[in-house]
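Undergrad: Protein chains in written order, with the numbering used here: chain B, 1 to 176; chain R, 177 to 611.
Please note that a few of the clues may not be correct.
[Claimed, not checked] Cut-off 25 Å, straight-line C-alpha distance, at most; resulting in silico cross-link-like pairs (PhoX-like, lysine-lysine): (1) B:Lys162 x R:Lys315; (2) R:Lys186 x R:Lys249; (3) B:Lys7 x R:Lys311; (4) B:Lys20 x R:Lys363; (5) R:Lys226 x R:Lys214; (6) R:Lys315 x B:Lys7; (7) B:Lys5 x R:Lys382; (8) B:Lys20 x B:Lys74; (9) R:Lys186 x B:Lys74; (10) B:Lys7 x R:Lys382; (11) R:Lys370 x R:Lys524; (12) B:Lys20 x R:Lys382; (13) B:Lys7 x R:Lys211; (14) R:Lys414 x R:Lys186; (15) R:Lys363 x B:Lys70; (16) B:Lys20 x R:Lys315; (17) B:Lys20 x R:Lys311; (18) R:Lys214 x R:Lys249; (19) R:Lys382 x R:Lys401; (20) R:Lys321 x B:Lys20; (21) R:Lys211 x R:Lys321; (22) R:Lys370 x R:Lys401; (23) R:Lys363 x B:Lys48; (24) B:Lys48 x B:Lys74; (25) B:Lys162 x R:Lys214; (26) R:Lys226 x B:Lys5.
Hints in this document: simulated from the structure, not taken from any laboratory.
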Amino acid sequence: MLLEKFKDEVEEILSRYPVKRSALLPLLNLAQREEGFVSEPAMRDIAKVLELTPPQVFETVTFYTMFNLKPIGKFHLQVCKSLMCALVRSDDVVTWISKKLNIVPGQTTADNNFTLSVVECLGSCGTGPMMQVNDDYYEQLTEEKVVRVLDDLARDGNCHLKSGPFMFPTTSGKSR
Amino acid sequence: MAQYETILLKNMEQPGYSGSLEDYERAGGYQALRKVLKDMQPDQVIEEVKKSSLRGRGGAGFPTGVKWGFIPKDHPGPKYLCCNADESEPGTFKDRQLMERDPHQMLEGMAITCFAIGAETSYVYIRGEFRLGAKILEKAVQEAKAAGYLGENVLGTGRTINIFVHAGAGAYICGEETALLESLEGKRGQPRFKPPFPATHGLYQKPTVVNNVETMANIPHIMNKGGEWFAGIGSPPKSCGTRIFCLSGHVNRPGNYEVPMGMPFREFIYDVGGGMRSDKPLKAFIPGGASAPFLTPEHLDVKMDFEAVAMAGSMLGSGGVTVMEEGTSMVWAALRLMEFFYHESCGKCTPCREGSSWLTQILQRIWNKQGRQGDLDLLDELCKNIAGRTICAFGEAEVGPIQSTLKYFRHEYEELIREAEATRPQSKEIPVFTH
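If we strip away everything but chain R, and leave its shape as in the complex, we get (with noise of 0.2 Å):
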């Protein structure tokens, strides 16, 4: 297998390294935050993180800069920054390994983000599951705080830079950037209505940025080295960098892998991620998490960048790609990830929340051979009176699984109601009951 240069994932290759602030300073950490709190102003720190071409690493790829440009400057009171760390998307666990390994990288990137937005105070919302995530970044932002690197007047500068560890409590719309905002407010986790927008009106309607854990993480390596020197990696000019891709499924070595972002999926699947596991051939692979549509073994060339895979009718979402052999069933597949809508939709929106449960219900019958002509039509047509209609993006996320498998599989789901048709007992006459 090729190496690839990493950036995020490096300090972590090293044989003994721990992820205590002593390691992490040994590896040149803490030298981003000094330098920019010595010589540099937080418009020139926005300005360069512009100039990296950095995308946010949650899902939907928004330009990090530009996100931190739509803080008010002129804003008398508190601004907040959050760290998005409610990894809960199917087929995604990088940030996981970014926490409980080197956790001070994130948290000097949010520092970092702190002193570009104005804030004071930040919070890393963590799923309540990552118990021991939790406990590793409350334990590196003690050491952080004792080393001056946090809390009040920061390496001597008089500013106050405070990070508190909230977790959640099993919500996968928790990840949504409002429905993160509510939760952190000690509110159910419902989406917000936009605009307003985070940047003006977002926790305690406070002008507000919400950043990725893998985003946070890439803040120091930009400042050290430079926007230009990140926006030549990857695939220039709107994928710059690498990013760690999550690697799940009927492959020989699933993991984490971070590669520089335009890679084609097969190079990624057959040789970093060292092909299937069996002598069956790939049948579909999910490119960027469960919110993603499928795709098909013809799409093994595309490459891993945001605009590729949007061409190819897909999204390169949290990064989580999973791989599925010849003989999984597609309608089956398409269930379990309905299931998981079904039970995460937070039933704020109506579409989302009833037709969760019809799609499922549809898709149970499909798949236990009891469906029916015209279901097919009906998934159809439910996906489209979902997709689009509800606040957030869960609504389009739901409805891509089906969608994709009835593009590219239409067959197998045409056949288990064939059967259902065929073995369901037929009665010529229309029972008429009497009393």
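Next comes chain B alone, as it looks inside the complex (with noise of 0.2 Å):
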């Protein structure tokens, strides 16, 4: 069972709510991070955990849109699409993915690397256009930075060219 591997962290996230129930989220997004989605069997364990019947995980899990109910492709692209950064042309970035990939928002990619979504607003209007992959933010994007981005992931599985802790402007006034 998923939850017996992380035991530890089960209990940690536990102790930290008087009601069990509270644990869900934190134990959906644990799954999720192990399988890369919340399959039918974690979400059985999870609500034995809990006490609670499958339907009141399913009808939690169905609320939230970060919960993938499906597999999805190893790198999860997640362009925000929301007005701030429409006006800086967030809907161009849609385009150069979708050239470089060839797929459209909502498919995979053959090799199952990359899984393009288009998104509201993640909260890095002042630095749009802009993406999640998986944990990380990529901001100020134009087409040369997706094409590097897309390239370092899928040759190396990382790029440096993610974000860091935000500051913006930075103190001497120029961008990072």
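Assembling the complex is the task here: the two chains are given apart, and the hints tell you how they should meet.
TA: Written as structure tokens, this is what we have:
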């Protein structure tokens, strides 16, 4: 079982709350980090640990957009399309990615490496256009930068262009 | 550009400041917590915050000290503090910087708040996408615990103050305080009907205070320098202190700027933010995040305080200022925001759930030049039937962009509908189908 593998972490999460059900989102996050999506066996596991019925878990999972109910690619490219990013041409970012990877939003590449999604505001409006790839933010995107990020990720599984702790504008007044 | 004395961003503006406990202590950090625990009673802390006139920085602008004062003092069971770090109002990105660059500042504010309201346990509800922020905060909590600022027996006083970081999972509505509580309880994040208010029936139906990250970050400074000092900054008597405004859109220098409240938008956009990015003039701006109705160039001299922006027909909200240049279609802008609200409506109240879908569809057809005569009246009517008829403020928020663009830029809608009418195939006879 998934949760047995993370026994200590699960115990620690449960200890934070006086009511077990509060641990639901943290445990779902844990399950998704491990498997890449929230599987039915994981949901049943979690239900058992929290003394909930499986439907109680499922009804909660479906409310939150970050939970994937199906497996997705190794890297989840999420491009912000809300107004603030759209003003600085976030729609172009989607086009650049589509052109490079030959997929449209909602699709995964044949090698299972990339899934492309278009999402709502990720709280990075001053540094748009931007995208989130798994845990990391990539900001102030240009076509060149997007291509480099995708190449680096495909080759090394990592890319140093990701954002560090947010500071914008920098004290020197220059962009980072 | 003129320089303004910053309070919240001051530490992180120093070169090399890492946000570690060591750096924070060197900058005078945790002195306020020491002072409060040693010399003050909880009531005195609340009084001092009331004196400061600090108002919530999340969006609603409710006076923080008054909110704390609502917590029943004689309540026998546990009380809770929740720090709202679900920053997801489009146009707003200040809390992210506060958490990632100077996490101890808000943690100290939370510890002082816990003392003031008598809470032993508090949670930071951080939006799920902020993985970096959550990691930084978790590390900061461990540092503070090891140094005796958090945990059991804080600074030797025998008092327990625990802070836990709780990540959400991608739902805008969880920034609404009662939806946040529902989500923290492991349920669908749907707002609760008020009353009862969280002050008496909050997390697990216990007395609870929910405060924004920036609000929390202000507390240590108010404790150090006094409520009167804070009340003298900005635009007294009602909009005191500085505020971190987030500038985005078609400007030269987008980003977070901490300025005294009450600065005119013109100065903020043109002096602080470096003005428009091209030679196209400003066409419209959003003064306080996606929920705030649009304003136009004639409002540029409005002061950035709660009352002045409300008088101008919008709201200061979360402090997200988005600027749009000439040439930006206002119908398109309203549609983009409406798509956001349609996606994020939690589905609890019928007017919002169904209305957001209808509004989106009507805007889409107008934008795609398929609009019909009467569509604008339909939009007006729908908006009136949503605002004020929902449990939370989402209803008012979603109609703001449409109502304001209809008010100031109605001709753009009419133009698109006229084009649609002109290009629509006109059939003279109604076809009769016979078998």
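Undergrad: What's the verdict on Lys226 of chain R and Lys214 of chain R, does the C-alpha distance respect the 25 Å limit or exceed it?
TA: holds (20 Å)
Undergrad: Is Lys315 of chain R close enough to Lys7 of chain B, meaning Cα to Cα at most 25 Å?
TA: Between Lys315 of chain R and Lys7 of chain B the Cα gap is close to 21 Å, so the pair holds against 25 Å.
Undergrad: Please verify whether Lys363 of chain R and Lys70 of chain B have alpha carbons no more than 25 Å apart.
TA: Holds: Lys363 of chain R and Lys70 of chain B sit about 21 Å apart, inside 25 Å.
Undergrad: Would the pair Lys162 of chain B and Lys214 of chain R pass a check requiring their Cα atoms to be no farther apart than 25 Å?
TA: violated (44 Å)
Undergrad: Measure nothing beyond the straight line between the CA atoms of Lys7 of chain B and Lys211 of chain R; if it is 25 Å or shorter, mark the hint as holding.
TA: violated (40 Å)
Undergrad: If you draw a straight line from the CA of Lys20 of chain B to the CA of Lys311 of chain R, is it 25 Å or shorter?
TA: Given that 25 Å is the threshold and the Cα spacing comes to 23 Å, the pair holds.
Undergrad: If you draw a straight line from the CA of Lys414 of chain R to the CA of Lys186 of chain R, is it 25 Å or shorter?
TA: At roughly 24 Å apart (the allowed maximum being 25 Å), Lys186 of chain R and Lys414 of chain R satisfy the hint.
Undergrad: Tell me if the straight-line CA distance from Lys20 of chain B to Lys315 of chain R falls inside 25 Å.
TA: OK: Lys20 of chain B and Lys315 of chain R at ~24 Å, within 25 Å.
Undergrad: CA of Lys20 of chain B to CA of Lys382 of chain R, is that 25 Å or under?
TA: Distance ~16 Å between Lys20 of chain B and Lys382 of chain R Cα, so the pair holds.
Undergrad: Hinted pair, alpha-carbon criterion (25 Å max): Lys48 of chain B, Lys74 of chain B. Please report holds or violated.
TA: At roughly 29 Å apart (the allowed maximum being 25 Å), Lys74 of chain B and Lys48 of chain B break the hint.
Undergrad: Taking 25 Å as the top limit, are the C-alpha atoms of Lys382 of chain R and Lys401 of chain R close enough?
TA: Not OK: Lys382 of chain R and Lys401 of chain R at ~32 Å, beyond 25 Å, violated.
Undergrad: Does Lys226 of chain R pair with Lys5 of chain B here, judged by a C-alpha cut-off of 25 Å?
TA: Cα-Cα ~49 Å, so violated.
Figure legend: structure checked against the earlier numbered hints; hints not met, in rising order: 2, 7, 8, 9, 10, 13, 19, 22, 24, 25, 26.
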